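Novice: Take these sequences, add in the hints, and give me the full structure.
The listed protein sequences derive, respectively, from chains A and C. Heads up: the first sequence begins at 605 in the numbering used here, then just goes up one per residue. Heads up: the second sequence begins at 28 in the numbering used here, then just goes up one per residue.
Note that these hints are calculated values from the structure, not bench results. Keep in mind that this is a model prediction, so the values were computed, not measured. Possibly wrong hints are sitting among the right ones.
Covered stretches of chain C (in silico footprint by chain A; criterion: 3 or more residues with CB under 8 Å from a CB of chain A, positions within the stretch not fixed) [unchecked claim]:
| id | segment |
| --- | --- |
| 1 | 80 to 86 |
| 2 | 90 to 102 |
| 3 | 188 to 201 |
Glycine included, each C-beta is placed from N, C-alpha and C at the ideal position.
In case you want the letters, here they are:
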Amino acid sequence: MRARFAAISPRYLWLFTGIGLAVLPHSARIPVWITLGFFLLCLWKLLFERPRPGLRFLGRLVKLAIAVLIVSGTLITYGTLVGRDAGIALLILLLGMKFLETGNQRDYYITSYIGMFLLLTNFLYSQSIPAALYMFIVVLVFVGTLIAENDVTDCLPVRRRLTIAGAMLLQALPLMLVLFVLFPRLPGPLWGLPRDAHAGRSGIDDEMEPGSISRLILSNEIAFRVEFAGMIPEPRNRYWRGPVLGQTDGVKWFPDKPRPFTADVAVTGEPVAYTVTLEPTDQSWLYGLELPAQPPEGGLFAADLLIKTAAPVRSRRRYSLSSYTDFKIIERGVEVLAAARQLPVGYHGRAVALGQSWREQGLNERQLINTALRLFNEQEFYYTTTPPPLLQDTVDQFLFETRRGFCEHYATAFTVLMRAAGIPARIITGYQGGTVNPFDGYLVVRQRDAHAWVEVWLEDSGWTRVDPTAAVAPARILGGMENALPEGLVEIPLGLRNNETALTIWLRLRDSVDAVNNRWNQWILSYDDRQQRLLLGHLGLGDFDLRALGVTLVLVLLLVFTGIYLWLFKRPIVHKNAARSLYDQFCAKLARLGIYRAANEGPMDFAARAQNRRRDLTVAINTITRLYIDVRYGDRVEQLESLKRQVRNFKPARVNAADEALFRAKHSGRNMVSR
Amino acid sequence: MSQLTVLEKLPTIHGLVSAGIDAYQRQRIYILPTRYGLFFAGLLLVMLTGAINYTNSMAYILTFLLGSLMLVGMLHTWQNLRGLLISTPVVRPVFAGAALHLPLLLDNRAGLQRIALTLELWSRRKEQRRGSAGEPLTINLKPGAITQAQLLVKTSKRGYLRPGRLRIRSRFPLGLFLAWSYLESDQVCIIYPQPAGSRELPVYSEYATDEQQGKKSGTDDFTGFKPYRHGDSIRSIDWKAFARQQPLQVKRFSGSGSSKLMLSWNLCGPGADVEQRLSQLCLWALHAERDGYHYGLEIPGGRIESGRGEAHLQQCLTLLAGYGYADESL
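Specialist: Shown next, in the form of structure tokens:
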């Protein structure tokens, strides 16, 4: 087997390493058989290809059979060949096949190009900092792969190839930065994306049933980050309004159909200004602190005061808002209020009966609300992320049997009770709370901060927020998820839970990592046409058009390119500087003996003087001085190596105490020796 | 440092004969994308479209990184040729049919390591390139050193051969660009006729006198020393004196005892054509020199008086090589 590996051409090992590294990050997402298939195809090539003159390694029929297997396998697994996931799976298998049949230079290049493209597709899934660093490593290998192909006499060892590739990568970085900042950004997409382009995002949906919010509680993913201009509002005021659910079929809750705007908003107090960076949700609404005065650019208020966008949010989005935490929503639509009292026929019989019985007791609206909240607070109700499954009528079973639930259970049950008692009520979903990152001061709202609460309509105060969860677990509202659910902190390693110090360090570490990630998101990942316009505005390029930007880009590119060129151009005389620094080392070694070279002293004079001080070093001093002069002034580059060797081996011993003392005296006064 | 001084230094470094260093001028370097470079540009375009479509910042970064690498690669490919000095010492003549070793001195003292430089003869006409006279030569150059290389050129007929244009090219490191440069040489290489023929050395020629017809004798009269000159037979060098660290001396003998013969066009027989005659004369000259004769050469348009030694032989062979090239001058 070893002999077999030894016989593999190093070019193919380079190519295999490159494409293997490009496939690797996908392997966690694609079915195992695809990864296996890819690596089997590669191994087949590496282990069994032998040059057979006049014979092709693979017959046409074998190739055809592999192609049919690949296509049919992908079709069976995904049911399609187009779309993001199926397309990438197909590409990976075809890449393996291309590698298998790589014979000439053209195949070699095409295979590495497909590998580079595959590297790009990884960013459709993750654009994190590790993914970016990984990209640079793989690009380095690909550059080495091309170098291996062009080093036709195989004269460079692997390390040297990597060094050249690394140097090229470093030289390419400034050009890359210029292109990144200045290349005119177009608002995408140019055409329709495959339907699964943004699949797999977790977050709040626009319909709710028991369990749809509590499944988010386990997700530590960030929903959005908020940068406040002034003070951050208190936790109990941090309600981030999402979809408003007023319709139900007895199991699920839905938003109302689009209807004309019938609400009036009255606000008091000072507004809170802030900027939200929303992670992609694939949903067409934005979150805002209750209650924004105006929708942000690109958003519109729906009748239930949700900020709707024209298209789903598919890339990270920044928007600025200012909100009033003290507000009043007055409803003018009579039919809206009537709809908010509707209950589905044949559901929640016991809950409806309970609500109606309160009504018949003659309680007024506020008393009704308090009765319901007291029920949650004083009876044996528990707040938990792992409620028992509800197999019968969800509300009745929760209210009268299990009595263990998460916010959506309480919000749903409360809404049903209110409607049964004749009070218009609706469920609001969104996020509540969030934690402040001490490193950058951003408020971070994660998926586990997802929440559901209720708005009831009261004659005097309009739509009024009531949070039934607060009656059961006030800590959830006042202190966030961490305080409400100590057992729910899934992301804290088990060993740390009982160790106060370790836990603190761990939390601080997590915050600092998150702050770095936030910067990355703010500066790199959300850089788009809007950000580009902002940045160029800051740079004084003002209101630019595409042509001006193009000209600027070309000019700056030329400038950087010239810089790199000059750097390369200057390198041949690097040996002079190298000689100089070696000679400096030599002088420093002499200085340790108390022999200092004066600033105005030439190498020859210094050598003569040094010899007088230390007769025993005459040969070494003369050799080094002559070599230095030869390399530095005589262009004898080939002598550089021996100069290096001589200086390295120049280890003069200190002989007398007087020298020692002089050295000490000089060094106590100053640390630098003049040369 | 001017180019001329570099070349003057060359012989002292490598101990070459100082005569006839023929320098190629530093030429313009051309650079164009290869077809893999064009493919690569296409790939970048596809990647850029993807980045725009998905508004994906990292996809932009990867695309721009690869694009920048392409530009940097172009610079490296160009750098691989830039500042290289190439010169050709005078070419040693060869016999037709043998490979001509075109020596090249690649002076890389001002440069870094250069990888995969390919040298080839590059005729101006495409059809002549196809039946190219020599194999391309691919070499690597160490930094700060002078490298010797030899380009093998096939020869088929005797005469003067002008290597003319050489092309040096490189695609290193990425193969996305090809940089090349032309090197013009006005050097003329001499191709001797192929030694061939069936006739015996015409020792008894009509020109030979009685005295001259005698067999060579090894007991020529020693007449003294003269300093060694390029072309003197190494057999007559006074090696013992050289071993005593004296300069090279050549022993002189009176030629009275040597046989003399005149190799003539007419001796080749009536049926032979021009090339056959030249080949026959070439063979005779070689044999005569080997066997220690004094010999002369007489062909239409040229005559060389009797003599012997390496230089004399070369003079004769050169005359044969140049038969019919009346207008050419060396």
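Novice: Which earlier hints can't be squared with this structure?
Specialist: none
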